[in-house]
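Trainee: Chain by chain, the residues run as shown.
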Amino acid sequence: MLIIIFRRLLQAVLVLLFVALISFLIFRFVGNPVESLLGQEATVAQRAALEEALGLNDPIHIQYADFVWRALQFDFGNSYRGALPVAELILLRLPATLELALTSAIFALVFGVIAGIYTAINKGSFLTNFILSSSLIGVSLPTFLIGVLLIWIFSVELNWLPSFGRGEVVSLGWWSTGFLTSSGLKSLILPSITLGLYQMTLIMRLTRSEMLEVLRQDYIRLPRALGLSSRQIYVFHALPNILIPVITITGLQVGSIIAFAIITETVFQWPGVGLLFINAVYFVDIPVMSAYLLLVGFTFVIINLIVDLLYLAIDPRLRDTELRSEV
Amino acid sequence: MRRFLQSDLFYSFRYSPVAIVSFVIIVFIILTAIFADLIAPNNPFDPASLNLMNGFTPPMQANDFTGETFLMGTDDQGRDLFSTILYGLRISLFVGVMAVMLAMLLGVMLGLVAGFVGGWIDSFIMRFADIQMTFPSILVAMLIYGVAKGILPPEVRYEMSIAVLIMSIGLSEWVPFARTVRGSTLVEKEKEYIIAAKMVGLSRYQIMIRHILPNVLSPVLVIATITFALAIIAEATLSFLGVGVPTTKPSLGTLIRIGQDFLFSGEWWILFFPAVTLLAFALSINLFGDWLRDTLNPKLK
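Heads up: the protein sequence lines correspond to chains A and B, in order. So for the first sequence, the working numbering puts the first residue at 22; every next one is plus one. So for the second sequence, the working numbering puts the first residue at 635; every next one is plus one.
Just so you know, the hints here were simulated from the structure itself, not pulled from any lab data. Treat the hints with care, as some may be off.
Restraint ranges, calculated between C-beta atoms of paired labels, are given here [unchecked claim]:
(1) B:Gly876 / A:Gly188: 51 to 59 Å
(2) A:Leu93 / B:Gly876: 28 to 36 Å
(3) B:Lys832 / A:Leu273: 38 to 46 Å
(4) B:Ile664 / A:Arg102: 35 to 43 Å
(5) B:Ile664 / A:Gly159: 19 to 27 Å
(6) B:Phe758 / A:Leu179: 34 to 42 Å
(7) B:Leu739 / A:Leu264: 41 to 49 Å
(8) A:Arg242 / B:Ile843: 52 to 60 Å
(9) A:Phe200 / B:Val658: 42 to 50 Å
(10) B:Ala830 / A:Gly159: 31 to 39 Å
With the C-beta cut set under 7 Å, the calculated list includes, among others, these residues of chain A facing chain B [claimed, not checked]:
(11) Val51
(12) Pro163
(13) Val169
(14) Leu171
(15) Phe175
(16) Ser277
Calculated Cβ distances over 12 Å to all of chain A for the following chain B residues [what the hints assert, rightly or not]:
(17) Ile654
(18) Ala667
(19) Lys825
(20) His845
(21) Val877
(22) Lys883
(23) Leu921
All values derive from a computational prediction rather than experimental measurement. We put the beta carbon where it would ideally sit given N, CA and C, even for glycine.
When you get a sec, could you build the whole thing from the sequences and use the hints?
Mentor: Below you can see the structure in the form of C-alpha cells.
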C-alpha cells in the first residue's frame with residue numbers, strides 16, 4: 022500500500038514538474054522576465070543589473086530550477102499591466118472563483134443526483150422524458166450561450182436577478198465572501214447554474230445508469246419482499262451503493278469547473294481568476310498566463326491524486342491488481 | 635453509389651428520424667454558408683456598403699431614417715444581421731474544418747508512430763497526451779492562442795488571428811485521434827499481412843503508410859465528426875471571449891457578444907438570431923455524431 026501511494030506521489034510530482042517546464046518556457050522565452058519585474062520605465066543599466074541578478078545568463082537548467090524554487094514561494098514575477106506581483110493579483114481574485122466553483126459543484130451534485138434517481142425510478146414518465154431530452158440540449162449548448170440566455174430571461178425580461186458582478190462582499194481577513202449578503206447570494210445564482218449545468222447533466226446520467234444497475238440487484242429485491250417502503254429502499258439500500266462513483270466523477274469534474282469558470286466569469290463579469298486569465302490572454306500578459314497554468318496544473322494534479330488514492334482506499338481489488346502488475 | 639444505398643449505414647440512416655433531420659439541417663447550414671455571396675443581400679465585411687444610419691433596425695421593419703427593411707434587423711453598425719450570420723458561419727466553418735484537419739493529421743500521425751514504433755517514443759507521445767488530456771481542451775486552446783500571440787510581432791497579430799485560432803483549436807484536439815489510432819495500430823501490427831509485408835522486405839515507412847494507415851482510419855471518421863462539433867463550439871466560445879476572430883469579420887460567437895451588450899436596451903434580435911443559428915448547428919452535429927458513433931461502433935456507446 023505504501024509503495025503504491027509513494028509511486029502515485031512521484032508520478033504527480035513528475036507531471037507537475039512537466040507543467041512547470043512548459044510554464045517556465047512560456048515565461049522565459051515568450052515573455053520578457055526583466056520587463057515583467059521592472060516595468061517598462063526602467064533604464065538600460067537597471068535592466069542589465071537585473072538580468073545578471075535574475076541569472077538570465079546562467080545555464081538553462083539552473084534557470085528552470087530557480088523558476089520552480091520561486092514558484093514554490095509564490096513568486097511569479099510582476100504582471101505587465103499595472104506591474105503588480107502576479108501572486109497578489111491571483112490571491113485577490115481567488116475567493117471569487119472558489120466560491121463560484123464550490124456553489125456550482127454543490128448545485129450540480131444535489132440536482133444531478135435527485136434528477137438521476139427520479140429518472141431511474143420513474144422510467145418512461147412524461148417528466149423523465151422531458152428531463153432526459155432537455156439534458157441533451159443542455160450538453161450541446163456552449164456554456165457562454167447558456168449564461169447569455171439566463172441573463173436574458175432572469176435579468177432582462179423578469180428582472181429578478183443581477184446580471185453581473187458579485188454584489189456586496191464582506192471581507193474576512195484577505196478572503197472576501199459573497200455568502201453573507203443577500204445581494205452576494207443573489208449574484209451567485211445565475212453564474213453557478215451556468216457553470217454547473219453541464220456537470221449536472223453528467224452526474225444525472227451517471228446516477229441514472231448506476232441506479233438502474235443497482236435496482237436489479239438481490240439486495241434491493243429482498244427488502245422489497247420483506248415489505249419495506251420504496252422510499253426506505255431507495256434511500257438506505259440503493260443510494261449508498263451509487264455514491265462512490267458519483268462522488269469520484271464530481272471530484273474529477275472540479276478541474277473542468279475551474280477551467281470553464283473562465284467563460285462564466287467573462288459572461289457575468291465575475292471578478293475571479295478566470296477573468297484575470299482571459300484578460301491576460303487578450304493583452305498578452307505572459308507572467309499571468311504562466312502563473313495561471315501552474316496554478317490550474319497544480320489543482321488538477323492534486324485532485325487526480327486524491328481521487329486515485331480514495332479509490333485505492335475504497336476498493337481493495339485495485340490494490341491487489343496494482344501490486345500484481347508490479348511483480 | 636448502389637453499394638452505399640444498400641449498406642447498413644444507409645439502412646440505419648433511413649429509419650432514424652433524428653439522423654435525417656440533423657443531417658438536413660447540417661447540409662442546409664453548410665450550403666448557405668458556402669453560397670453566402672449569392673444569398674446574402676449585402677456584404678457585411680465591406681465597410682463601404684455599411685450605413686451607420688441603418689443601425690439597430692428591428693427585423694422586418696423599415697428603418698426610421700433610410701426606410702430600408704432587413705429580414706433579421708441590423709446590429710449597432712448597421713450590418714444586416716442575416717448577411718452577417720451567413721458570412722460569420724462561413725468563417726466558423728472554415729476555422730472548424732481546418733482545425734479538425736490539423737488535429738486529425740497530427741493525431742493520426744503521432745498515433746501511428748507511437749503504436750508502430752513503440753519504445754520510448756511511444757511512452758513520450760502518450761505521456762504527453764495524458765498530461766494534455768488532464769486539462770480541458772478549451773483551456774489549452776486559450777493558452778496556445780495567448781502564447782502564439784506573444785510570439786508573433788505586434789504588427790501581424792491582427793491579420794494572423796484566424797490562423798492562430800485554427801492552430802490553437804487544432805493543437806488542443808489531437809489527443810483522441812492519437813489514442814484511437816495507436817490502439818488500432820497495436821492490433822493491426824500483430825496481424826499476418828504485416829508480418830508478410832515485413833518478410834517481403836518493405837520498409838517501416840511503407841508498411842506504416844500503405845498497409846496500416848488504411849486499416850486504422852474508420853474510427854477516425856467518427857472522432858472527426860465529434861471533434862468538428864467541439865471545434866465549432868470552441869471557435870464560438872473563443873470569439874465570444876474576444877480572443878478569436880477579428881471584430882471586423884464577426885463569427886457567430888462575436889455576434890452573440892455584441893448582442894449581449896445590447897440586450898438591456900431592448901435590441902433582442904442581435905442576440906437572438908445568431909444564438910438560434912449556433913444552437914441549431916451545434917445540436918445537429920452532436921446528434922448526428924452520436925448516431926454515427928452508435929451505428930459504426932456500438933461498443934463506444
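Trainee: Would the hint on Phe175 of chain A stand, with a C-beta cut-off of 7 Å toward chain B?
Mentor: violated (12 Å)
Trainee: Against chain A, does Lys883 of chain B keep a CB gap of more than 12 Å to every residue?
Mentor: holds (18 Å)
Trainee: Take the C-beta atom of Phe758 of chain B and the C-beta atom of Leu179 of chain A, compute their distance, and say whether it sits inside 34 to 42 Å.
Mentor: violated (55 Å)
Trainee: Can we keep the Leu171 of chain A interface hint, with Cβ of chain B closer than 7 Å?
Mentor: violated (11 Å)
Trainee: Between Phe200 of chain A and Val658 of chain B, does the beta-carbon spacing fit 42 to 50 Å?
Mentor: Cβ of Phe200 of chain A to Cβ of Val658 of chain B: about 49 Å, so the range 42 to 50 Å holds.
Trainee: Grab the minimum C-beta distance from Ser277 of chain A to chain B and call the hint holds if it beats 7 Å, violated otherwise.
Mentor: holds (5 Å)
Trainee: Take a quick look at Ala667 of chain B and tell me if its Cβ sits farther than 12 Å from every Cβ on chain A, holds or violated.
Mentor: At about 18 Å from chain A, Ala667 of chain B clears the 12 Å cut-off, so the statement holds.
Trainee: Does the beta carbon distance between Arg242 of chain A and Ile843 of chain B stay inside 52 to 60 Å, or does it fall outside?
Mentor: For Arg242 of chain A and Ile843 of chain B the Cβ distance comes to about 57 Å; the hint holds.
Trainee: Please check whether the beta-carbon of Ile654 of chain B is more than 12 Å away from every beta-carbon in chain A.
Mentor: Nearest chain A Cβ is 17 Å from Ile654 of chain B, so the label holds.
Trainee: Can you let me know if the beta-carbon spacing of Ile664 of chain B and Gly159 of chain A is within 19 to 27 Å?
Mentor: At 25 Å between Cβs, range holds.
Trainee: Quick check: does the Cβ-Cβ distance between Leu93 of chain A and Gly876 of chain B fall within 28 to 36 Å?
Mentor: Holds: the Cβ-Cβ distance is about 33 Å, inside 28 to 36 Å.
Trainee: Lying within 35 to 43 Å: is that true of the beta-carbon distance Ile664 of chain B to Arg102 of chain A?
Mentor: At 41 Å between Cβs, range holds.
Checked against the numbered hints given earlier, this structure breaks hints 1, 6, 10, 14, 15, 21 and 23; the rest are met.
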